[in-house]
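K.L.:
Residue numbers (my numbering), protein chains in the order written: chain E, 2 to 253; chain H, 3 to 337.
Hints in this document: simulated from the structure, not taken from any laboratory. Glycine included, each C-beta is placed from N, C-alpha and C at the ideal position. Take the hints with a grain of salt, since some may be wrong.
Chain H residues, not near chain E, derived (Cβ > 12 Å throughout) [unchecked claim]:
1. Asp70
2. Asp79
3. Asp123
4. Asn157
5. Arg164
6. Gln175
7. Ala182
8. Gln218
9. Glu249
10. Leu257
Label-pair distances were calculated between CB atoms; the ranges are [stated by the list, open to error]:
11. E:Arg113 <-> H:Asn85: 40 to 46 Å
12. E:Thr114 <-> H:Gly129: 41 to 47 Å
13. H:Gly280 <-> E:Pro52: 28 to 34 Å
14. H:Trp184 <-> E:Arg220: 43 to 49 Å
15. H:Leu336 <-> E:Pro52: 54 to 60 Å
Facing chain E, from chain H, some residues (calculated, C-beta under 10 Å) [as the list claims (entries may be wrong)]:
16. Gln148
17. Cys185
18. Lys188
19. Ile287
20. Ala289
21. Arg329
22. Gln330
23. Leu334
24. Leu336
If you want the building blocks of each chain, they are given just below.
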Amino acid sequence: MKQQTEQVVLTYQMLPIGEAALMVEFGKGIHPETNKKVKALSDYLEQQPLPGMLEYVSAYSSVTVFFNPAQVKQNYQQQSGSHTEPLAYEMVAGLLENVLNNLDYSAATSPRTVEIPVCYGGEYGPDLAFVAEYNELSIEEVINIHCQGQYLVYMIGFAPGFPYLGGMEEKIATPRRSSPRLEIPAGSVGIAGMQTGVYPITTPGGWQLIGRTPLALFRPQDEIPSLLRAGDVIKFKSISLAEYDEYKEGRP
Amino acid sequence: MSMTVIRPGLLSSIQDQGRYGFQKYGVIVSGTMDSYALRVANILVGNEESEGVLEMTLMGPTLKLEQDMLIAITGGDMVPTINSVPVPMWRPVYVKQGSVLAFKGCRPGCRSYLAVAGGYDIPSVMGSKSTYLRAGIGGFGGRALQQDDVLPVQNSLSTRARRLLKQLSISIQDKEFAAADWCAAKAHILHSSQPITVRVTSGSQYEYFSPESKEQFFSQPFRVTPQSDRMGYRLAGPELTLSQPLEMISEAVALGTVQVPPDGNPIILLADRQTAGGYPKIAQIAAVDVAIIAQTRPGEQIRFQEISLQEAQRLYLEREEYLHQLRQAIGLRLL
Chain E
2 MKQQTEQVVL TYQMLPIGEA ALMVEFGKGI HPETNKKVKA LSDYLEQQPL PGMLEYVSAY
62 SSVTVFFNPA QVKQNYQQQS GSHTEPLAYE MVAGLLENVL NNLDYSAATS PRTVEIPVCY
122 GGEYGPDLAF VAEYNELSIE EVINIHCQGQ YLVYMIGFAP GFPYLGGMEE KIATPRRSSP
182 RLEIPAGSVG IAGMQTGVYP ITTPGGWQLI GRTPLALFRP QDEIPSLLRA GDVIKFKSIS
242 LAEYDEYKEG RP
Chain H
3 MSMTVIRPGL LSSIQDQGRY GFQKYGVIVS GTMDSYALRV ANILVGNEES EGVLEMTLMG
63 PTLKLEQDML IAITGGDMVP TINSVPVPMW RPVYVKQGSV LAFKGCRPGC RSYLAVAGGY
123 DIPSVMGSKS TYLRAGIGGF GGRALQQDDV LPVQNSLSTR ARRLLKQLSI SIQDKEFAAA
183 DWCAAKAHIL HSSQPITVRV TSGSQYEYFS PESKEQFFSQ PFRVTPQSDR MGYRLAGPEL
243 TLSQPLEMIS EAVALGTVQV PPDGNPIILL ADRQTAGGYP KIAQIAAVDV AIIAQTRPGE
303 QIRFQEISLQ EAQRLYLERE EYLHQLRQAI GLRLL
């Protein structure tokens, strides 16, 4: 039998967030390699939730596990028959350590690629011309650069279904607007500094708006309420206003 | 069955224990601010502890109960009355059809809770009846109650609720309501003096704060500012600073996390907190004391007291034990 084990040393740090949560930190920065470790642990917890776990939340370089100390303790005592009163935190840390030591890092599911159609400019992208001007590019060049990129979804947060994306070209980086808009419509695609992103729900914000997608990123009626998940790779595709309207009509 | 909203109050919304399992998709937990009041209210009317209740803020609503109902009111004291007669809190109350349940301003406390036997008849969204106000989902139409709303109530009652009703129906006679002659323990907040002590464990970045800030955090009182809501309580007090600038990236935050933005004024993250944040965290409020914050009003003062993780866990388990005993005691009274 062919042995195919990739030796990856998982270095991590654990710390309590109060008596009912624990954070596993794989690093301090924003790096795809660190995020892969986050993904590997998240995938494991998705498949095999720990006893007493309420949920987990993955971020750029960390996974936080929320648990019910009473349930964790109950489960532990049943297993070990111990009469001492250790911390639920320590029990969860012990379980996680075991998971992390045996985690097949190479088995992390390969990323999904999600295509996001965007109608650039016009009414939907009122700041596209400013982004072009600021970077001394033509409008077409900005659209091309934005569409050529492959963006890693590091984490979902800030708003329901909002992706924290990495991988934008510095050539189109643009500072935030000096005065934020009171209302940015859902689906707006924007740039803020070195970041690009899509607004899933209508919120105030200071991003430079370059276009809009007809896709709903937040889907409260679906089993998974977010179009995107941490670890996905997204690509933007330029569509016309007519195509935008078709997409909108196609989705009930 | 239903309740008709005569006056909605300042902010009255359906909340339960919260929407768990979806923070990884950016969906906030929501839920009651005071989960002790939620759980006790539900236990008192024979519901599952996690059932949705009406959370009422600062100024309560006026409701007309269209059928006979078994209710319980917990949390802050909004001087509740039924047809102008004061109704006791923290116990089951059998109310006759057509009665008007009125709440006033909240004192002491900030939030009062109304549970009804069977629960409010509204659909769960992502496994929870909690209202997610900003996204407009969950609860009653994704929003706070408004005048003339008709809030549906489940018809089917638990065995326990039916037994409670039967017992109380003996003493109701021709009165409009009958309350049990026993009650659950009020939360501590409702009889404590200012500044209110809140117990905390160390936050993830506690060590990065300046020695002076660490000292002041525990020695000085902080005032709850008017910019405080279900998302977070913004505090004013000594300006807290880091020893040196700290590069931080977004990570998960928890209920009761105390974070400090660059302006140095701490924010306590509460039920409607975002799922992640990138500010340094100085402390984490013990889970049992989050209910204290929930009952603190703008203008009031709080003081932080450091406890160990062991102590925080002990308090947590003690509360679970009390709620367990409450369930059992009510069961015994119904034998």
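K.L.:
Return the status of the interface hint for Gln148 of chain H: holds when the least beta-carbon distance to chain E is below 10 Å, violated otherwise.
P.N.:
With a minimum Cβ separation of about 21 Å from chain E (threshold 10 Å), the hint on Gln148 of chain H is violated.
K.L.:
Evaluate the given range 54 to 60 Å for the C-beta pair formed by Leu336 of chain H and Pro52 of chain E.
P.N.:
Given about 33 Å between the Cβ atoms, the range is violated.
K.L.:
If I claimed the Cβ atoms of Arg113 of chain E and Asn85 of chain H lie 40 to 46 Å apart, would that claim hold in this structure?
P.N.:
violated, 60 Å
K.L.:
Would you check whether the claim that Asp70 of chain H is not at the interface survives, using Cβ distances to chain E and the 12 Å cut-off?
P.N.:
holds, 35 Å
K.L.:
Beyond 12 Å on every Cβ pair: is that true for Asn157 of chain H relative to chain E?
P.N.:
holds, 26 Å
K.L.:
Once the closest CB in chain E is found, is it more than 12 Å from Glu249 of chain H?
P.N.:
Given that some Cβ of chain E is not farther than 12 Å from that of Glu249 of chain H, nearest at about 7 Å, it is violated.
K.L.:
Does Cys185 of chain H pass the interface hint, meaning its C-beta sits closer than 10 Å to a C-beta of chain E?
P.N.:
Since the shortest Cβ distance to chain E is 24 Å, the answer is violated.
K.L.:
Please check whether Arg329 of chain H passes as an interface residue: C-beta within 10 Å of a C-beta belonging to chain E.
P.N.:
Constraint on Arg329 of chain H not satisfied, violated at 14 Å.
K.L.:
If you check the beta carbons of Thr114 of chain E and Gly129 of chain H, does the distance land in 41 to 47 Å?
P.N.:
Between Thr114 of chain E and Gly129 of chain H, where Cβ atoms are some 29 Å apart, the hint is violated.
K.L.:
Determine whether the Cβ-Cβ distance between Gly280 of chain H and Pro52 of chain E falls within the hinted range of 28 to 34 Å.
P.N.:
holds, 31 Å
K.L.:
Can we trust that Arg164 of chain H is non-interface, i.e. its beta-carbon lies farther than 12 Å from all of chain E?
P.N.:
holds, 29 Å
K.L.:
Was Ala182 of chain H rightly flagged as not at the interface, with every chain E Cβ beyond 12 Å?
P.N.:
holds, 27 Å
Of the numbered hints given earlier, the model fails hints 9, 10, 11, 12, 15, 16, 17, 18, 21, 22, 23 and 24; all others are met.
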